[in-house]
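Chains as they are written, first to last, in the numbering used here: chain B, 1 to 345; chain C, 1001 to 1330; chain P, 2001 to 2302.
Just so you know, not all the hints are guaranteed correct.
Pulled a few chain C residues facing chain P out of the computed Cβ check, cut under 10 Å [to be verified]:
1. I1057
2. G1150
3. D1153
4. L1156
5. P1167
6. S1177
7. V1182
8. Q1183
9. S1187
10. L1194
11. I1262
12. E1294
13. A1301
Hints listed in this document are in silico derivations from the structure and should not be mistaken for laboratory results. Built from N, CA and C at the ideal position, the CB exists for glycine as well.
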Amino acid sequence: MSDIKVKTAPVQGVDGRSGGHLLEVENLHVEFRTRDGVAKVINGVSYHVDAGETLAVLGESGSGKSVTAQTIMGILDTPPGFVTGGSIRFRGKDLLTMGKDERRLVRGEGIAMVFQDALSALNPVFTVGFQIAELFRKRRGMSRADGYKRAAELLDLVKIPAAKTRLKDFPHQFSGGMRQRVMIAMALALDPEVLIADEPTTALDVTVQAQIMDLLAEIRRDRNMGMILITHDLGVVADVADRIAVMYAGRIVEQADVHALYGKPCHPYTLALLDSLPRLDLKGQELNTIKGLPPNLLRIPSGCAFHPRCRMAKDICSSERPALIELGGVRASACHFAEELYGRE
Amino acid sequence: MSSPEVATPTAEAVPMPVTPAPVESAPKKDKKDKPRSLWTDAWYELRRKPLFVISAILIMIFVLMAAFPSLFSSVDPAAADLNRSLTKPDFGAWFQFGKGGQFGYNVQGQDIYARTIYGARASIVVGLSAVIGNMLLGGFFGILSGYLGGWTDTLLARFGDIFLGLPFVLGALVILSTFAPVQSNPSAFRITSLVIATFIALGWPSFARIMRAAVLSTKQLDYVHAAQALGARPGRVVFRHVLPNSVAPMVVVGTITLGAYIGAEATLSFLGVGLREPVVSWGIMIGQSRQFMEAAPYMMAFPAAFLAIAVLSFVMLGDAVRDALDPKLR
Amino acid sequence: MGRYALRRLLQAIPVFIGTTFLIWFLVWGLPGDPFAGRCGERQCPQAYVDFMTDKFGLDDPLPIQYLNYLTNLMQGEFGQTFNGTEIGELLAQAFPVSIKLALVAVAAEALIGITAGVLTGLRRGSFIDNLVLVSTLVLIALPIFVIGLVARYSLNLSSVSPEAPLVELIIPGLILGSGSLAYITRLTRVNLVENRRADYVRTAVAKGLTPSRVTGVHTLRNSMIPVVTWLGLDLGSLMGGAIVTEGIFNIRGIGGLLFDSINRRQSGVVVSIVAILVLVYLVVNLLVDLLYGVLDPRIRYE
Chain B
1 MSDIKVKTAP VQGVDGRSGG HLLEVENLHV EFRTRDGVAK VINGVSYHVD AGETLAVLGE
61 SGSGKSVTAQ TIMGILDTPP GFVTGGSIRF RGKDLLTMGK DERRLVRGEG IAMVFQDALS
121 ALNPVFTVGF QIAELFRKRR GMSRADGYKR AAELLDLVKI PAAKTRLKDF PHQFSGGMRQ
181 RVMIAMALAL DPEVLIADEP TTALDVTVQA QIMDLLAEIR RDRNMGMILI THDLGVVADV
241 ADRIAVMYAG RIVEQADVHA LYGKPCHPYT LALLDSLPRL DLKGQELNTI KGLPPNLLRI
301 PSGCAFHPRC RMAKDICSSE RPALIELGGV RASACHFAEE LYGRE
Chain C
1001 MSSPEVATPT AEAVPMPVTP APVESAPKKD KKDKPRSLWT DAWYELRRKP LFVISAILIM
1061 IFVLMAAFPS LFSSVDPAAA DLNRSLTKPD FGAWFQFGKG GQFGYNVQGQ DIYARTIYGA
1121 RASIVVGLSA VIGNMLLGGF FGILSGYLGG WTDTLLARFG DIFLGLPFVL GALVILSTFA
1181 PVQSNPSAFR ITSLVIATFI ALGWPSFARI MRAAVLSTKQ LDYVHAAQAL GARPGRVVFR
1241 HVLPNSVAPM VVVGTITLGA YIGAEATLSF LGVGLREPVV SWGIMIGQSR QFMEAAPYMM
1301 AFPAAFLAIA VLSFVMLGDA VRDALDPKLR
Chain P
2001 MGRYALRRLL QAIPVFIGTT FLIWFLVWGL PGDPFAGRCG ERQCPQAYVD FMTDKFGLDD
2061 PLPIQYLNYL TNLMQGEFGQ TFNGTEIGEL LAQAFPVSIK LALVAVAAEA LIGITAGVLT
2121 GLRRGSFIDN LVLVSTLVLI ALPIFVIGLV ARYSLNLSSV SPEAPLVELI IPGLILGSGS
2181 LAYITRLTRV NLVENRRADY VRTAVAKGLT PSRVTGVHTL RNSMIPVVTW LGLDLGSLMG
2241 GAIVTEGIFN IRGIGGLLFD SINRRQSGVV VSIVAILVLV YLVVNLLVDL LYGVLDPRIR
2301 YE
């Protein structure tokens, strides 16, 4: 992976503006207007990804990581979800202000997505062949026969045995891992430049998880795609990601190179996450957990949203919201004590 | 709609039986941190629905009409004065209580307004008794099938199929014309009970099916297993644990069916095989108006309007209750 | 699937026997004089009663009578009315008319119901949506005989002629199907609304397909499964459920024949009609069940 790291652009601050990234989310705000009030789901998220690199977005459920991805894809359910600010630039053009048809053409071809639960994400009443070939037929104007031929090649590419005969099968006839491969094949059909994988292995067995992650990593390398990997699983991230963005309550709290982040987390939340991983050398001891519950997005705590659960919290944390500050020019953390954490040994 | 089968929702329209308080993706405002139960949640939902409020008020009026018709009209619905035959409605009388003729007079000179008011009783009595009977009988067999399973289940299912195989109006027609031939003049009590019995005979299997499905899924829930594991007797498990959590679908279907039964009663009375004189029924009134459609359209208009509003009220109520009990459709 | 169909078919046999026996027993088996009122005001002459009793085998024990009836039925022998008309002929005249009427009704339900359902499902909460919802409620609430009477007299329609040409059946068919039409509209709408939120629809959008393809192919295909099933069942039940409509428009179909026969106490005709309708009902149910499996590949028959 070291060959790619060269291309990794410097981390930018909240309002940093460095042009020329393949996909660039900037100061994105999304809210959900529900019966019980307005939930601020995303509050100024900025990240970017370039060709050939993998950005992992890490966070608990409800941290806004999936909603960000849905907003990029333009598949946010509206209502209740509304984009209230920010921009999403793909190849320099803002997707949010783009015309409907232009944006539609970006889907699948520019940015494609692999969903978490392939069983519900694939249409139950069509064969997988139909669903993949549909892309070639409707987006590339290919004939039915050609579309199916290309679909078979794709299934072959994602290592589904007997690809040709399996085209005629329905999604429910595949095993979980194979189904996720179908999902990946479908996302790859139009040769996208950015692939968003939204918890691609959460629904799978542990052994299958590794295979799928390997497949994704391999494909990303072969095609020099940019990849956004959304996950809550720290274990998955370490092997495949180049950079990591940690999200909490709709904000990015820490962003860093993967080795730097694992080596020296500079935000108490990241610290706590890493601490809560089971470790062989600490066998027999009680597992560290993060106390408390993820925040209610209808009433996000004042100041730093993490302060009620933070071990390091001081008075300032409940009154003042920490900005995302750069540390050493290569990473950033949104904590009042970021410098201290960065400076520690 | 002449057949209540039309209104009985198919299996997928029936809400799933009670699972512990519906979970929603968006966090809730929790003033009291107590989780809302399905019924409280449903009640909260219902009170804010105009359709529910309107239909509930209308139903209360109809029930009042059925119980105390004299509150609404002081005129004897059976009194006939041939001098008044086919008199047009007297709109001035609408605002004077005690005066008759608001809706005009029928061919025998009977007061249509009074008869329309008194007609509510037949509809409500037949509809309500038939639905309650169906719920008891169907509910009982449904619990038996669902809880015991095995041979009991198979046998009851096949037995129910025999009645379900008969189209509703057709079955009712044959049964009613057998026990109360068209030319005969049964007493008011006899014919009313006969109509109710017919509706129950033809309707119970549908209710049993719904109850069975609800019991089957409730039976799988952990707390039922827990109760069984703790050694609770079957009777106690059924009445304390299974039953209260399985009745919701039947309540919904019951409400909608009540509306359908009111329509079916009117249809059969219209055909001459259901209720007959001396019972006052909207269906009979509409049937009698047939020959006078051009001369006296009001003979049909008023009972038909009452009939439609009564059916509508129950269907709307059932709809609202279903939506409230089935968070999926919100 | 073949084994499933066979098993269902076998299950249907006891139901068929049970239902026909029920009706047969109600009509023939109950104690009472089958010839009461048959000869006007007077008692029937003994000779006539004897002749009839012998002809219809009324002296045999009940189970024998029923078995005889069933055997004849299986051979396509419906027997004769009391007046000596072949019941089979009566049915052959009436059935095509009723089937035509039912087809018109189901076609109207499918065409109007699905269109209205899709329109409202796509524009949920709009003025059109509310208007259609209220209209469907009214249609569901109004019994067919009220709609039929009002339509017949306000449009000043004459009776349908005996050959029942398709044109004359359009309005009666619409009225016959009105309740189901409203139900189809709501069913389509609910399913569409529910499916639009489905994950696979989201996937279809993410594939960059046009909105019309997302809705027209991915959403609609799934939403139509229960609707088509309902239409199938309705076709089955409408063939026998047209008593009221046929009565109001004087259509000479099965419903009219049945009602007539009940009034004239032509027991043989009543039992025959019910037997055929039960058969139709059972077959349609089986077919719809199998159709469900074709429409939804996830269904597996065991």
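To see whether the hints hold, each was checked on the structure:
1. I1057: violated, 16 Å
2. G1150: For G1150/C, the interface hint is violated, since the closest Cβ of chain P sits about 16 Å away, which is over 10 Å.
3. D1153: violated, 13 Å
4. L1156: Check failed: Cβ of L1156/C comes no nearer than 13 Å to chain P, outside 10 Å.
5. P1167: Check passed: Cβ of P1167/C comes within 5 Å of chain P, closer than 10 Å.
6. S1177: holds, 5 Å
7. V1182: holds, 5 Å
8. Q1183: At 7 Å from the nearest chain P Cβ, Q1183/C passes the 10 Å test, so the hint holds.
9. S1187: Violated, about 19 Å.
10. L1194: violated, 13 Å
11. I1262: holds, 9 Å
12. E1294: Given a least distance of 7 Å, the restraint on E1294/C holds.
13. A1301: holds, 9 Å
The structure shown violates the earlier hints numbered 1, 2, 3, 4, 9 and 10.
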